[in-house]
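Q: Chain by chain, the residues:
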Amino acid sequence: MTLLSPQLAGDEPRSPIFDLISQAVRNPSVMIGGSIVAAIVIMALAAPLLGTVDPVRIDPGMRLKLPSDLAWFGTDLFGRDVYSRVVYGARSSLIVGLTVAVTAITFGVLIGLVAGYFRSMDIVVMRVMDGLMAIPTFLLAIALVSLTRASVGTVIVALTIPEIPRVVRLVRSVVLTVREEPYVEAAISIGTPTPLILVRHIMPSTIAPLLVLGSYICASAILVEAALSFLGTGLPPEIPSWGNMISEGRTFFQVAPRLVFLPSLFLALTVLGINLLGDGLRDTLDPRIAKRM
Amino acid sequence: MYMNALPPVIDIRNLTVPLPLGGDRRNAVEDVSFSASQGEIVCVVGESGSGKSVTAQTIMGLMPKTFARPSGAIMFNGEDLLQASPQRMRALRGAEIGMIFQEPMTALNPVHTIGAQIDEVLRTHLSLSPAERFARVVKAMEEVGLPDPHRLYHTYPHQLSGGQRQRVLIAAALILEPRLLIADEPTTALDVTTQAQILKQIRDLQRSRGMGVLFITHDIGVVAEIADRVIVMKSGKVVESGITSSILTAPEADYTRMLIAAVPTLEAARPPEPALGPLALTVKDIAKTYNVRSGIGGTREVVALKPTSLTLRRGETVGVIGESGSGKSTLARCITRLIEPTAGEAQMPDGSGKPLRRRLQIVFQDPYRSLNPRRTVGQSIIEGPMNFGVSKAAAWEKARELMALVGLDPAALNRYPHQFSGGQRQRISIARALAMEPEILVADEAVSALDVSVQAQVLKLIDDVQKRFNLAILFITHDLRVAAQICDRILVMHRGELVEEGSVRAVFASPSHDYTRRLLDSIPGRQAAATA
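Top to bottom, those sequences are chains V and Z.
Using this note's numbering, the first residue of the first sequence is number -10, and each one after it goes up by one.
Using this note's numbering, the first residue of the second sequence is number 38, and each one after it goes up by one.
Keep in mind the hints are simulated off the structure, nothing from the lab.
Built from N, CA and C at the ideal position, the CB exists for glycine as well.
One should not assume that every hint holds.
[As the list claims (entries may be wrong)] Examples of chain V residues toward chain Z, derived with CB under 7 Å:
(1) Ile179
(2) Thr181
(3) His190
(4) Pro193
[Claimed, not checked] What follows is a set of in silico ranges between Cβ atoms, one per label pair, in the way DEER data are often shown:
(5) Z:Met142 / V:Gly120: 31 to 41 Å
(6) Z:Met142 / V:Phe7: 47 to 57 Å
(7) Z:Ser485 / V:Gly142: 53 to 63 Å
(8) Z:Met100 / V:Gly40: 52 to 62 Å
(9) V:Thr137 / Z:Met142: 48 to 58 Å
(10) Z:Ala431 / V:Leu165: 51 to 61 Å
(11) Z:Pro184 / V:Phe7: 32 to 42 Å
[Stated by the list, open to error] Examples of chain V residues lying across from chain Z (beta carbon under 10 Å, computed):
(12) Asp8
(13) Arg116
(14) Pro182
(15) Leu185
(16) Ser194
From just these sequences and the hints, can you work out the full model?
A: The structure is reproduced here in structure tokens:
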């Protein structure tokens, strides 16, 4: 018997995931959004190298100075360097955004896999998720801050809990369709243990939609963190964050509008970049996700 | 070329449709010319990828937007459809050219009543009063043999059977009495007994109205049943065309000859007295019922499988035959423990002490979905043995042997499923099952999704591995012709019940159950084959 060679779709064995990623990188939204996000990330990481001074150092003699060689964006009410505070503020925003996205997805995937695959768990788990979803983020944050005290951890917990159910719903919906695939049944029939089936055969299908959802969670967490800080229930005032800066600048808006505009500009740019990246990923990875969310 | 006395309704001249860049060939359809006259059924036959559906879509102006502009001409009634404006095409579709599709479920809108959907054609093309329209819809439904049209007018697609849905589509396609009907695999998704009825319906309507029919199919049996003239297509080109009887009895092109030869005949291929090995499987009164929630709080019991018993010996192939909903797949799933039976059990005689999953393996129907697209075929094949403690190196070595055994290059183990064709993937699925060194192989419609020529090769492979490993095979299929090729014994299932059991010869020669007789009579091309 002669051996058949497979139809060549290329000379090298190519993983379908690799194809998708190379396709995504060519998408204009992904390119623009990705560049903005990369720039902000580099700015946050390299903050000490970018000509900044200590963002929390108070200099009463330098209050509300206009931009100059000494302070590129001027100084605020306490004489702190606004440029340094904006650059370091990126750190707070990104830490909160990324941590919330990663934590929500980690818990969401675990719960979603269980709820989707083990039908007996489904009703209980999903009702608990419905309950979590009903908690308003702001109320939860205010309650947590008044119970403990304002800190990065509190903000992250307050933002993560209401996001988990969204991840669970998405993962569960993917699991419900994939678990009926013949290749999952084939894995059962060759004796693959259930945890391995979940990790090996079902979880990979959730990666593409989760990348998209994760970017949205990250963007919304950054926005909500700024809003919470603005209200005074977010990050403690000593941490330079864009929300805190906008909040403090608000009182001097007519004297020095840049105190509000500059952090707002960076906040808007970051969220725009992340959303563009998410939209582009959604369009290339899976056009159907838009409907599912 | 065969000349018809009547003028052609449709005359396709040198049609070439380029494929988008990156396709497996330059043109989906290349230099295709043929015509169909009034009162004539022309079958376009070919395997997947032959360009037959693209031809039909081009005629209707329903090409995907990724395709470039076709060249050539499609003359319909003196008018070139390739030059027609979208408005003109909209006016022609439905009124002058009717079309029916393969999947009667998805071609109907689930949220409108079927009456309203047939009526839509009238509302779009004519201005009639509601009463006149209702009368015409009811008449059209009567003509296609839908029972009680006044009641069915107000039903929704999901309340009808597959055959009835296809009749609804035919009624909608024919209500304006088009001169040409294009039917793209209209019976492929239907059971064989329903297919026979629909084919007869199309034939009768075509005769009474004298319209031209362009019938696209992959099934030579259907061709024999219905066609006046045949166009054989392969890789976008016409390889042969002519009158049905001469093409079927004296094909000129090698490809046509191969296509006809690959169609399994109903004659039993296996010897009447097979040498049987020891008992491999005893199924005793296995049954499955589902509790379906109906209304508020209440549940209803649906019997998917009535208590069924069977035995299977090493070296023997037992076919389980039935149409959709007959319970044959439920039986396979209960035996393989992919679902838990409600009652009864499947027992294998003790001996090797190996766990069930190693002794009993299954090959699934859909080669495009039974392999995980994100894992290399090597990973898929070694997964099973590694689950039972075989080392990776040993499992990989075994996988290389098995790839060669199923006729594939072992070097391809690092490739992903999308780099293989359907038949090749089915070989990989067989290799994955064999890697477990099973005693029993359950093949659930394992060749149904394949083209006939590929089907014949995979059947031969299954036959080979059975001899080599002395396997007991339970072969689930809806296709009696396939069952005749490979089975020693067959079981016929109908509505969850085993209605007939016996050797292939005995059952085919003298079917005792009424349903078996109907199944046998419905096989397309049977009469034609008998008289030829």
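Q: None of the hints should be skipped; say for each whether it holds.
A: Going down the list of hints, with the structure as the test:
1. Ile179: At about 3 Å, which falls below the 7 Å cut-off, the nearest Cβ of chain Z leaves the hint on isoleucine 179 of chain V intact, so it holds.
2. Thr181: Hint holds; threonine 181 of chain V Cβ to chain Z Cβ min 5 Å, cut 7 Å.
3. His190: holds (5 Å)
4. Pro193: holds (5 Å)
5. Z:Met142 / V:Gly120: 31 to 41 Å: Because 38 Å falls inside the window, the suggested range holds.
6. Z:Met142 / V:Phe7: 47 to 57 Å: violated (35 Å)
7. Z:Ser485 / V:Gly142: 53 to 63 Å: holds (58 Å)
8. Z:Met100 / V:Gly40: 52 to 62 Å: holds (60 Å)
9. V:Thr137 / Z:Met142: 48 to 58 Å: Roughly 57 Å apart at Cβ, these two residues keep to the hinted range, so it holds.
10. Z:Ala431 / V:Leu165: 51 to 61 Å: violated (37 Å)
11. Z:Pro184 / V:Phe7: 32 to 42 Å: violated (55 Å)
12. Asp8: holds (9 Å)
13. Arg116: violated (18 Å)
14. Pro182: Holds - the Cβ of proline 182 of chain V comes within 10 Å of chain Z, reaching about 7 Å at its closest.
15. Leu185: holds (8 Å)
16. Ser194: holds (8 Å)
Comparing the model with each earlier hint shows violations of hints 6, 10, 11 and 13; every other hint is respected.
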